[in-house]
Structures are given as C-alpha cells and as structure tokens.
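Engineer: Sequence:
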Amino acid sequence: YRFIRPWIGDGLLTSKGSKWFRNRRLLTPAFHYKVLKPYSEIFNKNSLVMVDKFKKVCGQSVEVHTHVGLMTLDTMLQCAMSTNTNCQHVTDHPYLMAVKEVGDLLMERSRQPFHFFDWMYNLSANGIRNKVVVKVLHDHTEKVNKEQDFEVNQILPVFNVIYTQYTCHSLGSYNYSLLAHNHTFVQIIAERKEVLAKAVNDEEKDSEMEGFQTIKGKVLDFLDILLQSKVYGKGLTDIEIRDEVDTFLFEGHDTTSSGIAWALYHLAKYPEFQTKCRDELTEVLGDRKYVEWNDLPKLEYLTKFIKESLRLKPPVYIMGRQLEEPLKITEKSSGRVSTIPVGTNVSTSIFMLHRHENFWDNPTVFDPERFTKENIAKRPAFAYVPFSAGSRNCIGQNFAMNEMKICLAQVIRNLRLYIDGDSPVPKMLPRIILQSESGIFIRLE
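Residue 275 in full-length UniProt numbering sits at position 275 of the sequence shown, and the numbers go up by one each step.
A hint or two may mislead.
Below, in silico cross-link-like pairs of lysine-lysine (DSS-like), each with a Cα-Cα straight-line distance of 27 Å or less [to be verified]:
no.: 1; residue 1: K378; residue 2: K307
no.: 2; residue 1: K55; residue 2: K276
no.: 3; residue 1: K45; residue 2: K307
no.: 4; residue 1: K16; residue 2: K53
no.: 5; residue 1: K34; residue 2: K45
no.: 6; residue 1: K37; residue 2: K307
Derived CB-CB ranges, DEER-like [claimed, not checked]:
no.: 7; residue 1: D287; residue 2: R379; range: 32 to 40 Å
no.: 8; residue 1: T372; residue 2: S347; range: 29 to 37 Å
no.: 9; residue 1: K289; residue 2: R111; range: 29 to 37 Å
no.: 10; residue 1: G59; residue 2: G235; range: 23 to 31 Å
no.: 11; residue 1: P113; residue 2: K307; range: 32 to 40 Å
no.: 12; residue 1: E369; residue 2: V57; range: 29 to 37 Å
no.: 13; residue 1: A383; residue 2: K269; range: 17 to 25 Å
no.: 14; residue 1: G59; residue 2: S18; range: 27 to 35 Å
no.: 15; residue 1: M352; residue 2: F31; range: 52 to 60 Å
no.: 16; residue 1: R416; residue 2: V337; range: 52 to 60 Å
no.: 17; residue 1: F117; residue 2: C58; range: 22 to 30 Å
Simulated from the structure, these hints should not be mistaken for laboratory data. Treat the numbers as computed from the prediction; the structure is a model and nothing was measured. Note that the Cβ used here is the ideal one computed from N, Cα and C, for glycine as well.
Produce the complete structure using the sequences and hints provided.
Structural biologist: Dropping the structure here:
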C-alpha cells in the first residue's frame with residue numbers, strides 16, 4: 001500500500017492507527033442507505049448511456065472493459081463531487097490511461113527489491129514516469145472548470161476536457177488543458193463550504209442524518225459529507241478531504257469496472273444463467289425503465305450471479321496486513337506452533353481462498369447456487385471476502401453492489417450477450433486490480 005501513497009495520499013486505504021479509526025468513523029455516514037438511495041438514479045442514467053453505446057455496435061465484437069471503465073468513472077465523479085463530465089463519449093480518456101499506467105508501474109516496482117527504497121525508485125526512469133502519471137491523476141481531481149454564471153445550487157465543478165499533444169511513454173500522446181476558470185481542490189472546498197453554510201434543507205431534518213446540510217435541488221454527495229462530518233467537534237482537513245476523494249475515485253472506479261466487466265463476460269459465457277437473470281428482471285421490474293432502490297433486495301438471482309462472478313474473478317485478488325501483535329499459527333499435521341512477529345507484512349490471496357477445495361465443491365465451476373442462504377450457512381464466514389473482511393473491510397461495498405446490480409440489470413434487459421469465437425479468450429492479468437491481458441470481448445445483440 002505504501003507504493004500507492006503518492007497517488008491517494010494517507011486516505012482510508014493507506015492510513016492506520018488512530019487516524020484510520022477517526023477517519024473511518026467520519027466517512028461512515030457517506031455510505032448510509034439514505035445517502036446511497038438517491039445514487040440509484042445516477043447508476044441508471046449512466047448505465048443506459050453505456051447501453052445506448054452498445055446498441056450502436058450490435059453484431060460486432062466489443063471490448064467491454066473500456067466502456068465500463070468510462071461509465072464507472074462518470075458515476076464516481078457525480079457521486080463524489082456532483083461533477084458531470086460526460087466522459088463516456090471520450091475515447092482514450094486520460095484518467096483511465098493514467099490509472100492503467102500507474103498500475104503497471106506499481107507491479108513493476110513490486111518485482112524489483114531495490115526499488116522498495118523510495119530514494120532509489122524516485123531516481124529511476126520508472127520513478128520519474130510515476131511522478132508524471134500521478135500528476136495527471138491529481139490534476140484531474142484538482143483542476144475544474146466552473147460555470148461562469150451560477151446559482152447557489154449550480155456551484156458544482158464541471159470538467160471540460162480538451163486534448164493536446166503530450167509525451168509520457170505508454171500513457172499515450174495525450175494531455176489535457178481545462179477551460180475557463182481553473183481552481184485548485186482547496187478552492188473548491190472553500191467554495192462548497194460557503195455554499196453549505198448558506199444552504200437550507202429541502203425537507204425536514206432526518207434524525208438519522210441530522211447535522212448534514214443539503215443544497216437545494218442536489219443530491220448529498222461524498223464531498224458534502226466529508227466537509228460536514230465531525231468527531232468531537234473536529235472534522236477533516238482540506239488535505240485529508242483530497243486524500244479521501246482520490247481514494248474514493250480509485251477504489252470505486254477501477255475495482256467496480258473490473259467486477260462489472262468480468263460479470264458481463266460470465267453472462268455471455270453462461271447463457272442459461274443470463275436467461276434466469278433476465279426472467280427475474282422481467283418479473284420484478286415489468287416495463288419500468290429504471291431499477292429503483294426498493295427493487296434491489298428483490299433481485300435475488302442476479303445477486304447470486306454477481307457474487308459467484310466475484311468469487312472466481314475478484315477485482316481485489318490479494319490483501320495485505322501488517323501485524324500489530326504476534327500471530328501464532330498451529331500446523332495441522334505436526335501440531336507445531338510458529339509465531340509471526342510484530343511488523344511482519346502478511347498477504348492473503350483472495351483469489352486462492354475463493355477456489356480452495358476445503359470450502360468450495362468443484363471450485364472452478366461457475367454456480368450461482370453456491371450463494372443460497374443454505375449454502376452460505378455451511379461455509380466459514382471468511383471463506384468469501386471479495387470486499388475484504390474485518391474492521392478494515394471495504395466501506396463502500398454496498399455502493400459497489402448496488403451499482404453492479406443496476407448496471408448489469410440494464411444491460412441484460414436491453415441486450416443479449418454472446419461469446420465471440422473470433423476474439424481471444426480473456427486471460428487474467430494481476431495488476432492493482434484483476435484485469436484481462438487481451439481485453440474482455442463479447443458480442444451484443
């Protein structure tokens with residue numbers, strides 16, 4: 001996790017100790033169901049934009065991961081900062097290219113022990129490239145174009161991106177300049193604070209969300225929550241807010257896009273399960289255009305399908321922990337007790353855990369019925385951990401599952417998915433998240 005700090009700073013993913021406990025408590029309201037509920041409209045709208053793009057290429061082999069990545073980026077920016085980028089209509093988006101580049105650089109660094117030393121890595125060619133790419137990612141968060149004529153409920157940042165020549169190795173020949181009034185992230189925070197101070201709630205205060213002011217006509221977004229969350233009267237600093245926004249964009253965009261893309265592949269590969277999902281959606285939704293919040297718990301088979309897809313292709317395929325106290329391990333065969341000392345970095349392969357024969361019958365077989373209530377009860381709680389587990393589990397797992405359900409529901413309702421025999425079979429490629437080496441190609445009708 002230390003290697004990714006230059007990008008996401010000391011946010012919830014990388015912080016520890018008292019700071020992590022405090023920030024976890026401050027961020028928890030951002031994932032309250034009353035905050036998540038209005039996001040369902042955003043999920044629906046952006047998913048349908050992607051569906052419309054797919055309809056234009058029906059009958060062709062389509063690399064879906066790129067399209068899904070743009071959709072989840074659009075969604076994350078709207079939910080994080082109420083920013084409407086329309087980036088689904090952009091090809092070779094610089095943020096996506098930079099995310100891929102930083103992932104490649106991180107994996108390359110992890111294979112070279114001498115580059116574990118920051119000073120040595122920073123002097124290397126890859127270290128210099130990493131600084132450039134991280135700057136692209138930070139600029140995308142910090143620099144925004146603001147509407148010149150705005151009302152209180154229209155003060156939100158909007159990205160207008162134009163592309164100019166740029167040289168950054170595999171990042172590609174693209175750079176972007178931002179039009180009109182460029183403001184740093186700190187300035188955005190100051191302006192949003194001022195707006196929130198003047199805002200009046202549209203409705204009566206909700207006892208469960210008491211203390212959070214809303215801007216008239218706007219969904220309460222991640223930035224609003226961060227600006228207003230307090231523990232013992234003290235909130236987050238501007239730098240902490242930026243770190244958490246960068247962390248939110250990273251964790252919510254790249255991981256979710258991987259999960260959705262692999263699920264689309266599994267839908268195409270297993271038409272019988274695709275049909276069952278479609279039948280359930282027809283029964284639950286009827287002719288309604290949108291998947292509503294109250295529909296989500298009723299989509300039981302789709303949920304089982306998603307969970308099985310995440311079992312075989314977990315976007316986060318490995319997790320690491322640093323021991324804060326000695327860990328004793330007893331070998332089953334010999335009974336010998338070994339002690340792992342404090343400070344040791346311990347990694348757990350989620351990928352291997354999800355395929356372990358002790359917990360899963362025929363572990364390589366795709367079977368959504370593994371996730372019936374009866375079958376779940378037969379397994380240890382920690383046999384399935386696509387969102388990690390314990391106190392440091394993924395704070396946004398409900399957000400991610402809701403987005404996946406709505407996105408897949410809209411694709412299944414509007415299109416039929418098939419494996420394209422002329423395209424390469426996806427070969428898993430472990431980077432920061434689980435990707436495909438040659439892309440994920442399917443045919444849509």
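Engineer: All hints, please: hold or fail.
Structural biologist: These are the hints, each one checked on the structure:
1. K378 x K307: The given pair, whose Cα atoms are some 16 Å apart, holds under the 27 Å limit.
2. K55 x K276: 22 Å, holds
3. K45 x K307: 24 Å, holds
4. K16 x K53: Given that 27 Å is the threshold and the Cα spacing comes to 42 Å, the pair is violated.
5. K34 x K45: 19 Å, holds
6. K37 x K307: With a Cα-Cα distance of about 21 Å, the restraint between K37 and K307 holds, given a limit of 27 Å.
7. D287 x R379: 32 to 40 Å: Taking Cβ atoms as reference, D287 and R379 lie about 38 Å apart, which means the hint holds.
8. T372 x S347: 29 to 37 Å: 31 Å, holds
9. K289 x R111: 29 to 37 Å: 48 Å, violated
10. G59 x G235: 23 to 31 Å: 53 Å, violated
11. P113 x K307: 32 to 40 Å: Since the Cβ atoms of P113 and K307 sit about 37 Å apart, the hinted range of 32 to 40 Å holds.
12. E369 x V57: 29 to 37 Å: 33 Å, holds
13. A383 x K269: 17 to 25 Å: Given about 24 Å between the Cβ atoms, the range holds.
14. G59 x S18: 27 to 35 Å: Since G59 and S18 have Cβ atoms about 57 Å apart, the given range 27 to 35 Å is violated.
15. M352 x F31: 52 to 60 Å: Between M352 and F31, where Cβ atoms are some 29 Å apart, the hint is violated.
16. R416 x V337: 52 to 60 Å: 56 Å, holds
17. F117 x C58: 22 to 30 Å: About 52 Å separates the Cβ atoms of F117 and C58, which means 22 to 30 Å is violated.
Of the numbered hints given earlier, the model fails hints 4, 9, 10, 14, 15, 17; all others are met.
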